[in-house]
Amino acid sequence: MKFGIVQFPGSNCDQDAYHVLADVLGRPTRYIWHKDTRLGDVDCVVIPGGFSFGDYLRTGAIARFSPAMKAVVEHANAGGLVLGICNGFQILCEAHLLPGALIRNRGLKFVCDWMRVRVETTNSPFTNVCHTGQILRLPIAHCDGCYFAEPQIIEQLRREDRVLLRYCDNPNGSVDDIAGICNETRNVFGLMPHPERASERLLGSDDGRLIFESILPCHETAAVN
Amino acid sequence: MKAKIIVMPKRTVLDPQGKTVLHALDSMGFKGIREVRVGTVMEIELEGGSKAELQKKIDEACHKLLSNPVIEEYTFEIV
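For the protein sequence lines, the chains are H and E, in the order given.
Quick note: the first sequence uses this note's numbering, first residue 1, plus one each step.
Quick note: the second sequence uses this note's numbering, first residue 1, plus one each step.
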């Protein structure tokens, strides 16, 4: 499993994601510059957290039109895996790879805290080593993390078992306590919490590692220390 | 010519900024204000093209980039 991490001006979790994938999990990982028109030889693309293009206009609104994102959309449509974390989730929504949008937190404040999030389904390439109902301890750090979608979309997400993570204590006003959703074909996942900041016990939790280990094929998971 | 674009959060979308401004106005003594919603105004300088062409262009720009139809609605005028 080869990983690529897209870097935009203002990305700031790109190196954290690189560290987890390359150093902690020991997988081939490369950066993809936002101006690159091709992703190269990667199986899973990570859109990292940060403040791409200064969050100008709306979070993710400018990044979504970068050349690399065009390639990411093609990769996703061809069935390739895409993981969007925080700003990455916002970008995936703006790019219409995921439904809905992330708007200003209900309390208007930037929230930086540890959260308990519940794994709602293991039927995805991003949660398959977890068990349903498992509580993960992951940090959040965002001002625009309130998930919004029209009621019929929320109903569809529920019906199709596409809410992968829910907050135990909703920190931002997200509809239906949604912390992370996948697309219809389950190969694109966006979440506001930061699994890459919680993949080593030294950092206070290694629950985030389960998300990355889920992505690895079975024979590779067995090889992870 | 110039385009003036107003982007507002949809009625169905929570506008915590508007609510906070409403509370501030109320506590300052500005009574009788029922609702506040906060949006964005953009001014765009244009050159060339007929008004109809510019209208089409701005409408497309609003739909694709300047607003997010999932959460916002827009109006604009070209003067």
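Don't read these hints as lab results, they were simulated from the structure.
Just to be clear, a hint being listed does not mean it is correct.
[Unchecked claim] The calculated BS3-like cross-link candidates involving lysine-lysine, where the alpha carbons are at most 27 Å apart (straight line), are:
id : chain 1 : residue 1 : chain 2 : residue 2
1  : E       : LYS2      : E       : LYS31
2  : H       : LYS70     : E       : LYS2
3  : H       : LYS35     : E       : LYS10
4  : H       : LYS35     : E       : LYS64
5  : E       : LYS4      : E       : LYS56
6  : E       : LYS10     : H       : LYS109
7  : E       : LYS2      : H       : LYS109
8  : E       : LYS64     : E       : LYS2
9  : E       : LYS51     : H       : LYS70
10 : E       : LYS57     : E       : LYS2
11 : H       : LYS70     : E       : LYS64
Small disclaimer: the values here were computed from a predicted structure and weren't measured.
Evaluated hints:
no. : hint               : verdict
1   : E:LYS2 - E:LYS31   : violated, 36 Å
2   : H:LYS70 - E:LYS2   : violated, 31 Å
3   : H:LYS35 - E:LYS10  : violated, 33 Å
4   : H:LYS35 - E:LYS64  : holds, 20 Å
5   : E:LYS4 - E:LYS56   : holds, 14 Å
6   : E:LYS10 - H:LYS109 : holds, 21 Å
7   : E:LYS2 - H:LYS109  : violated, 35 Å
8   : E:LYS64 - E:LYS2   : holds, 19 Å
9   : E:LYS51 - H:LYS70  : violated, 32 Å
10  : E:LYS57 - E:LYS2   : holds, 13 Å
11  : H:LYS70 - E:LYS64  : holds, 15 Å
Against the hints set out earlier in the document, violations occur for numbers 1, 2, 3, 7, 9.
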